[in-house]
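Novice: Sequence:
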Amino acid sequence: MSLNAERSYKMKLRDVENAFKYRRIPYPKRSVELIALLAISCTFFLFMHTNKLNSRLKEMEVKLQPSEFSALGLTGNHISGHDAGKHDDINTLHGTYQYLKSTGQLGRVTLMNLNNTRFAALEVVVFNRPTRVESEQMMPLFRQLAAMNDINVVLNGPVRTMNRTRTETEQLTELEWASELEKGSIYMAHSNWLDFAGFGYKKPIYVSLVRDPIDRVVTDFYKRRSWVKRAIFRRMYPGRRERPEEWYNLSFSECVRSGDPECRFVQYSVSDYVKDFKRQSLYFCGNEADCLPFNSHHAVQVAKRRVEKEYSVVGTLEETNITLTVFEKYIPRFFNHARFLYKLNSKSIRNRNRNNRKPRIDPDVREMVRRNFTNEYEFYYFCKQRLYKQYLALQLENNLS
Numbered sequence: 049m050s051l052n053a054e055r056s057y058k059m060k061l062r063d064v065e066n067a068f069k070y071r072r073i074p075y076p077k078r079s080v081e082l083i084a085l086l087a088i089s090c091t092f093f094l095f096m097h098t099n100k101l102n103s104r105l106k107e108m109e110v111k112l113q114p115s116e117f118s119a120l121g122l123t124g125n126h127i128s129g130h131d132a133g134k135h136d137d138i139n140t141l142h143g144t145y146q147y148l149k150s151t152g153q154l155g156r157v158t159l160m161n162l163n164n165t166r167f168a169a170l171e172v173v174v175f176n177r178p179t180r181v182e183s184e185q186m187m188p189l190f191r192q193l194a195a196m197n198d199i200n201v202v203l204n205g206p207v208r209t210m211n212r213t214r215t216e217t218e219q220l221t222e223l224e225w226a227s228e229l230e231k232g233s234i235y236m237a238h239s240n241w242l243d244f245a246g247f248g249y250k251k252p253i254y255v256s257l258v259r260d261p262i263d264r265v266v267t268d269f270y271k272r273r274s275w276v277k278r279a280i281f282r283r284m285y286p287g288r289r290e291r292p293e294e295w296y297n298l299s300f301s302e303c304v305r306s307g308d309p310e311c312r313f314v315q316y317s318v319s320d321y322v323k324d325f326k327r328q329s330l331y332f333c334g335n336e337a338d339c340l341p342f343n344s345h346h347a348v349q350v351a352k353r354r355v356e357k358e359y360s361v362v363g364t365l366e367e368t369n370i371t372l373t374v375f376e377k378y379i380p381r382f383f384n385h386a387r388f389l390y391k392l393n394s395k396s397i398r399n400r401n402r403n404n405r406k407p408r409i410d411p412d413v414r415e416m417v418r419r420n421f422t423n424e425y426e427f428y429y430f431c432k433q434r435l436y437k438q439y440l441a442l443q444l445e446n447n448l449s
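Just so we're aligned, residue 49 is where the sequence shown starts under the working numbering, counting upward by one.
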């Protein structure tokens, strides 16, 4: 091969290499435009959806301002007189909402996560009410609900005892009896939580009420000294010597300050000078011996787990409208129209079981007593926060659906 021919061949070979090296792969122009359009569209719709969610959450925040609570009669800021003014306290409705929002937990506040009614296998409501939670106010309402919702209200069970716990025999008697109630029955009793599933029975719908622990104790103190109790004692025990007049006239504050055994609240005590049922958590912890020590951390933790897993609703008549709303929406078969009927009968409900001797407690005495109820207050606030979450789940679902 001549020199010129060889050079010509190398130049052609280089041209071919360059052609492959710098070639442009053709791509349809319309496909590029389509991908760009899809990307822009997705970004736009994502922006609109996020903006819509933010707008609705802001609407919810406005609706949940304390001023709006008062106007709607749904205030969460009057837990008790000594807590007034704590508008962002986590133990208020608004405070609970703000806490859930700030910690990113608001997304888990859903009806699915908070409604245990769906786990019940027995169409019977067991309302195990603690003493002095004003549950008597519910009786006129329950009579109206019975007529409107075709339900049956049962007040007397097979076990008649005022003991703080049930024996295993008593538990089995009550479990078997409650399991045979007709569908649509509400069984109300001052009894502790019963383990239906643990004894091999179908689970009912469990509900209850709680109240400020000190308010319960103060109410019970004056209830024992009411003229009604005095008249009952005279009728049951005619001729028996009564307590001295000074006992009936004693105030709760004087009782605490004097160190009277009736007003001593000893930590982890099991036996009591007066059977005053001050252990609100006991009704939810159960009938085991570990549930009895007063203000016990263990008993309260067990009670909280029971409420979380076993109870459909635990309300409080300190938050009447919120409680009735949650009852009505989470257990409609039994509590449909509860708010309407409560308002209709509000006068007779307020007058029921009224004690004309108004319970009063000095602020320093309340603080002194409160120091002995630390775990009981933890349980009480836990129940209120759960109630608020159930209510918020209803509000969020209604506004975001």
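Derived by calculation from the structure, the hints in this document are not laboratory data.
It cannot be assumed that every hint is accurate.
Label pairs and their in silico Cβ distance ranges [stated by the list, open to error]:
| # | residue 1 | residue 2 | range |
| --- | --- | --- | --- |
| 1 | SER150 | ALA337 | 15 to 23 Å |
| 2 | PRO380 | GLU224 | 46 to 54 Å |
| 3 | LYS323 | ARG408 | 17 to 25 Å |
| 4 | ARG312 | MET196 | 18 to 26 Å |
| 5 | GLU293 | TYR316 | 30 to 38 Å |
| 6 | ASN200 | ARG278 | 31 to 39 Å |
Derived EDC-like pairs (lysine to aspartate or glutamate); straight-line CA-CA distance at most 20 Å [stated by the list, open to error]:
| # | residue 1 | residue 2 |
| --- | --- | --- |
| 7 | LYS391 | GLU228 |
| 8 | LYS250 | GLU228 |
| 9 | LYS251 | GLU216 |
Keep in mind that this is a model prediction, so the values were computed, not measured.
Beta carbons: idealized from backbone N, C-alpha and C, even for Gly.
Novice: For a quick check of understanding: which of the numbered hints are violated here, in increasing order?
Specialist: Hints 1, 2, 4 and 7 not satisfied by this model.
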